[in-house]
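> Letter by letter, the chains look like this.
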Amino acid sequence: MTFRTKLFLIFTLALVVSVGLVAAAVTEVTRRAFDEMNRQHTDALVAQFQREFAQRSDDVVHRVQGIADAEGTVRMAIDLSRPKGDVSVYVNDAAGVAKAHQLDYLDFISNDGSIISSAEWPARFGYKIDWVLQPEDWAARGSFLMKVDTQEGAALALVSVSRVRVGDKDLYIVGGERLGREFLASLVLPAGMRALLYLNLDPAFQAANLIDSTGPASQGEQFASIVEKEQQQPGTEIAKINWTADAANAEVFHAMPLVGREKELLGILLIGSSQHDAVTLQRQIMLLSVGVVSLGLLLGALLGWWGAARVTRPVRQLAEGAREVAGGNWNARVNVRGRNEIGQLAKAFNQMTEQLVDQRERLLQAERVAAWREVARRLAHELKNPLFPLQTTVENLQRAKEQNYGEFEEVFHESTGILLAEIENLKNIVGRFSEFSKMPHPELASIQINEIVRGVVKLFEAQFGAVGRPPITPELHLDDHLTVIEADPALLHRALENLVLNAMDAMPSGGVLMLRTSSAEGGVHIEISDTGTGLTSEECERLFTPYYTTKQHGTGLGLAIVQSVVSDHGGRIWVESEAGVGTSFHIELPKHPPRQSVSFPISFDYEKEKEKEKEPEPEKHKQEA
Amino acid sequence: MLRRLAASSTGLAILLTALPVETARRPRYGGMLRVEIGAAVTSLDPAVATANQEEAAAKGQIDSLIYDTRDADGTFRGAGAFHLTAFESGKRAVLAATEDYRLGRPFVDSIEITMGRGARDRIVDLELNKTDFAEIPAEDARRAAERGVRVSRSKPDELLALVFLGGAEPKRMRSVDLRVREALALSIDRAAIVNFILQKEGEPAGGLLPQWSSGTAFLFSTAANAVHAKELSAQIVPAPKIVLGYDFGDSLEQAVAERIAVNAREAGIRLTAQAVRPAVENAADARLVRLRMQSTRPALALEDFMDALGAMAKIEATGLPEPASPEDIYNRERAIVSSYRVVPLVWLPRVYGLSARVRDWTPPGAGEFWPLADVWLDALAEPASEEGKQ
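First to last, the sequence lines map onto chains A and B. The first sequence maps to residues 5 to 629 in our numbering. The second sequence maps to residues 214 to 603 in our numbering.
Hints are computed from structural coordinates only; laboratory data are not their basis. Any given hint might turn out to be false.
Stated by the list, open to error - With a cut-off of at most 27 Å between alpha-carbon atoms, the simulated DSS-like pairs for lysine-lysine come out as follows:
id	chain 1	residue 1	chain 2	residue 2
1	A	Lys151	A	Lys267
2	B	Lys454	B	Lys413
3	A	Lys555	A	Lys442
4	A	Lys462	A	Lys267
5	B	Lys272	B	Lys304
6	A	Lys132	B	Lys304
7	A	Lys132	B	Lys368
8	A	Lys151	B	Lys443
9	B	Lys272	A	Lys132
10	B	Lys454	A	Lys151
11	B	Lys454	A	Lys88
12	A	Lys173	B	Lys368
Unchecked claim - Pairwise CB distance ranges, derived in the manner of DEER restraints:
id	chain 1	residue 1	chain 2	residue 2	range
13	A	Arg169	B	Glu359	55 to 63 Å
14	B	Phe461	A	Arg169	37 to 45 Å
15	A	Asp73	B	Ala439	34 to 42 Å
Stated by the list, open to error - A few chain B residues that don't get close to chain A, going by computed Cβ distances all over 12 Å:
id	residue
16	Gln412
17	Phe431
18	Glu516
19	Asp573
All C-beta atoms in this analysis are idealised placements derived from N, C-alpha and C, irrespective of residue type, glycine included.
Please take these sequences and the hints and turn them into a complete structure.
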């Protein structure tokens with residue numbers, strides 16, 4: 005992923021997160037505002053309910069007291085206080101009185117608690133209502149909620165009790181008003197709110213007991229959990245009911261327990277707040293947020309892409325310049341303006357490349373001078389050896405002529421022979437230098453490296469066991485599954501030949517010559533080891549330097565040629581040696597050599613040198629070319 | 214009767230010495246007797262069927278005044294004490310005295326019968342002296358009397374009973390368990406019905422015949438036993454649900470049915486009172502019925518009841534031996550009651566309201582008609598004006 009893409013994604017992500025957070029915050033604030041509004045509405049409705057409840061309570065108390073104070077009731081009380089008072093006369097009175105006083109329920113109850121007359125259940129005369137006999141100041145009690153048994157079933161009523169006392173006998177008047185849909189209908193509800201009443205008349209939840217201002221509430225079974233919670237633990241409860249999968253159709257219900265005289269749960273007022281408006285507004289906000297986010301994302305993406313491009317252009321130019329430098333183009337320059345960090349970096353880059361080119365030039369010049377000096381030294385050294393015999397021989401020949409020795413002829417023949425031999429030696433020297441200078445470029449072909457190795461070993465088979473010299477035992481460990489590589493077979497043969505010759509020279513007392521091939525990452529690995537005397541660390545360091553040799557008659561060009569061949573194939577060579585144990589040359593060749601490989605006469609592996617420093621084994625040396 | 218006694222001086226002398234002072238005046242002829250009835254008789258033609266039992270009874274009462282005798286099959290025959298002079302279907306009938314009636318001319322010159330007057334209106338008219346004679350519901354008698362209405366009661370000869378419907382009607386092939394029937398019968402507080410609903414008119418009924426008729430009614434318990442009723446109903450799981458039907462236009466039956474529902478509820482029986490209309494299909498398992506005795510003779514009365522209940526309550530129509538001894542009648546009565554298919558509730562009297570000027574009124578016995586030909590109107594108690602009724 006490019007830096008520009010990363011930068012763009014970061015911009016976009018930051019934008020999405022920011023806008024998302026803002027949208028979430030707005031939604032949350034809106035939701036809380038609606039919750040607060042609903043709570044206020046609910047509180048207002050509860051307060052209204054309580055006011056209405058209190059007002060109706062007062063009404064019921066006054067009406068029941070009015071019945072108690074009425075002439076007919078007093079006469080009834082007087083009549084019933086007589087020893088033979090006949091209650092049957094009054095059995096039908098309650099209905100008419102209740103109707104006159106607009107009460108839904110009215111019972112006249114005698115001194116012993118027996119019903120004299122009942123408006124809501126006329127046939128229930130004679131049965132006893134014990135609770136009314138409990139010692140209680142009914143006048144102070146006011147009205148209270150009560151479960152009333154009627155002919156049609158149980159109902160919830162707001163009830164008040166009055167007592168008319170004549171002599172030592174009491175007449176109780178129990179009157180009440182039904183707490184039902186009429187009561188709910190009297191509540192003024194804000195839009196989106198409704199009030200329901202659950203009549204807790206049965207031990208278990210009964211959907212039919214849930215009513216609203218029009219009658220039985222629809223889908224009453226949905227309230228089972230709320231009601232059951234209230235039944236278990238009366239208290240203010242808030243619950244949400246999702247009528248459909250659409251959240252806009254949900255309602256939040258505040259449940260308020262309605263308790264009776266003995267604090268028993270008789271009813272539950274449920275105030276519902278529709279979530280339609282809140283959800284609709286939230287959706288609108290969400291929709292607007294999505295629109296803003298989308299638009300913001302689009303603009304942000306465009307701006308981000310443009311900004312990222314603007315910011316990353318110098319960086320890309322720097323990267324491109326660095327790539328060019330890495331690719332060998334040390335003249336690469338970055339055209340970045342500005343005084344910011346990127347501009348300073350570009351300026352530093354350009355300075356760096358200029359310095360690199362300058363230093364390279366100087367290094368090359370120094371190397372070139374050093375190389376010429378070395379060549380001059382070697383030439384001087386190589387030519388000096390044959391020149392001295394030539395000089396001596398010519399001087400001997402001159403001296404023999406001047407002294408007129410009789411053996412001049414013999415000296416002449418001997419001297420000319422020496423001269424010819426040394427001249428031949430000079431020609432050989434010149435030929436080898438000429439050959440090194442004429443190292444050809446590799447002619448690539450698909451080869452199996454094992455075949456090259458076997459061919460080299462076969463070439464030297466006769467010399468391994470030659471008479472008069474200690475035997476050398478070749479050991480071949482060749483990987484039969486080696487991949488085919490592209491290489492110049494002749495050059496590789498020549499390189500391996502030189503390494504085998506070096507190994508044989510390193511084992512004057514005989515030994516084991518081991519040749520191993522194996523697969524390497526992206527190519528092959530060749531190892532040629534001997535069991536000779538080994539090399540010192542200094543020797544290892546200079547081993548691949550042209551014209552450096554440890555042998556008495558060596559030219560110092562063999563390993564330089566090997567290194568040159570390996571380098572031309574895009575591979576690498578290194579040496580590992582341990583004094584008294586032997587030396588191993590390692591070559592790694594790629595499967596596909598580069599088209600034009602740049603060869604350096606000597607390379608120095610810094611990491612391997614560091615490894616060497618970390619593992620100080622003075623007797624074991626490794627040098628990579 | 215007085216009229217017949219007046220025909221002989223001996224009888225008259227006996228009568229004069231026997232009557233209280235205020236009624237011991239000499240009967241006089243004349244005047245119009247104003248009668249109000251609840252039923253609306255649409256036709257006096259015997260061939261025209263009546264709409265209900267009430268109309269049939271009212272039609273029979275009018276026929277008894279017009280005709281002299283009645284055959285065994287109920288057909289009226291002969292010239293009666295009165296003859297019809299005017300008839301407005303369902304509204305009004307005017308009868309004039311037959312001068313040459315074979316048993317003597319009636320005391321009153323005419324009888325005007327106003328039909329279709331409700332019970333409340335009849336009582337009010339009696340209070341206001343706008344009518345001379347009207348039959349009033351038993352449950353209203355006490356209140357009417359307290360309001361100054363002159364009330365006359367017959368012997369209790371109408372049985373109000375709860376009847377579990379039997380299999381005579383295919384759609385009512387309901388079978389309520391005997392224990393449930395017994396529990397329900399035991400749960401009913403008959404005394405409360407008499408004292409409160411009937412305002413102490415009538416008497417609790419344990420048997421199918423009243424005490425004054427059979428003399429054995431006291432052997433049938435009328436007391437409620439709620440504890441035993443509850444024990445019996447608890448034996449039946451699940452608790453049965455009974456629908457008790459009552460005549461939709463009968464307020465007494467409605468009140469009694471609702472009271473029975475309360476009693477049953479206390480005993481653990483789920484009973485619902487439901488108004489039913491004649492000829493309309495309903496889901497009632499039991500019904501309240503009124504059975505009026507057609508004879509003072511217990512055997513005949515019981516036979517009548519058995520005929521009426523046989524089909525309805527699936528009671529075996531085993532006849533009584535001829536002649537039937539009191540023991541036979543009792544055993545038969547006991548057998549029926551013990552099946553709990555018929556639960557006697559109360560005996561109701563017929564209650565009549567009379568104006569102050571009506572003299573020599575005697576409540577008719579069981580199966581008898583109103584003896585209006587025997588009453589006379591006291592001139593000292595004439596209403597202020599009779600024009601308003603015309």
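> Hint by hint, note whether the structure agrees.
Hints and how they fare:
1. In summary, the hint linking Lys151 of chain A to Lys267 of chain A is supported, as the alpha carbons are separated by about 12 Å, within the 27 Å threshold.
2. Restraint check: the Cα-Cα separation between Lys454 of chain B and Lys413 of chain B comes to about 31 Å, which exceeds 27 Å; the hinted pair is violated.
3. Taking the CA atoms of Lys555 of chain A and Lys442 of chain A, the gap is near 24 Å; set against the 27 Å cutoff, the hint holds.
4. Between Lys462 of chain A and Lys267 of chain A the alpha-carbon distance is near 115 Å, which puts this suggested pair outside the 27 Å criterion.
5. For the hint pairing Lys272 of chain B with Lys304 of chain B, the CA-to-CA distance comes to about 13 Å; that is within 27 Å, so the pair holds.
6. Restraint check for Lys132 of chain A and Lys304 of chain B: the C-alpha separation of about 47 Å exceeds 27 Å, so the hint is violated.
7. Note on Lys132 of chain A and Lys368 of chain B: the hinted pairing is violated, with a Cα-Cα distance of about 34 Å set against a maximum of 27 Å.
8. Using a Cα cut-off of 27 Å, the hinted pair Lys151 of chain A and Lys443 of chain B holds, with the two alpha carbons roughly 24 Å apart.
9. At roughly 46 Å between alpha-carbon atoms, Lys272 of chain B and Lys132 of chain A are farther apart than 27 Å, so this suggested pair is violated.
10. With a CA separation close to 24 Å, the supplied pair Lys454 of chain B and Lys151 of chain A stays within the 27 Å bound.
11. For the hint pairing Lys454 of chain B with Lys88 of chain A, the CA-to-CA distance comes to about 39 Å; that exceeds 27 Å, so the pair is violated.
12. The hinted pair formed by Lys173 of chain A and Lys368 of chain B fails the criterion: a straight-line CA distance of about 38 Å is larger than 27 Å.
13. A hinted range of 55 to 63 Å is violated for the C-beta pair Arg169 of chain A and Glu359 of chain B, which are about 26 Å apart.
14. Between Phe461 of chain B and Arg169 of chain A the CB atoms are about 43 Å apart, so this pair conforms to the stated range of 37 to 45 Å.
15. Checking the proposed 34 to 42 Å range against Asp73 of chain A and Ala439 of chain B shows it holds: the Cβ atoms sit about 37 Å from each other.
16. Taking the minimum C-beta to C-beta distance to chain A, about 6 Å, the non-interface status of Gln412 of chain B is violated against the 12 Å cut.
17. Residue-level check passed: Phe431 of chain B sits 23 Å from the nearest beta carbon of chain A, beyond 12 Å.
18. No beta-carbon of chain A is positioned within 12 Å of the beta-carbon of Glu516 of chain B; the least distance is around 34 Å.
19. No beta-carbon of chain A comes within 12 Å of the beta-carbon of Asp573 of chain B; the shortest separation is about 32 Å.
In terms of the numbered hints stated before, the structure departs from hints 2, 4, 6, 7, 9, 11, 12, 13, 16, listed from lowest to highest.
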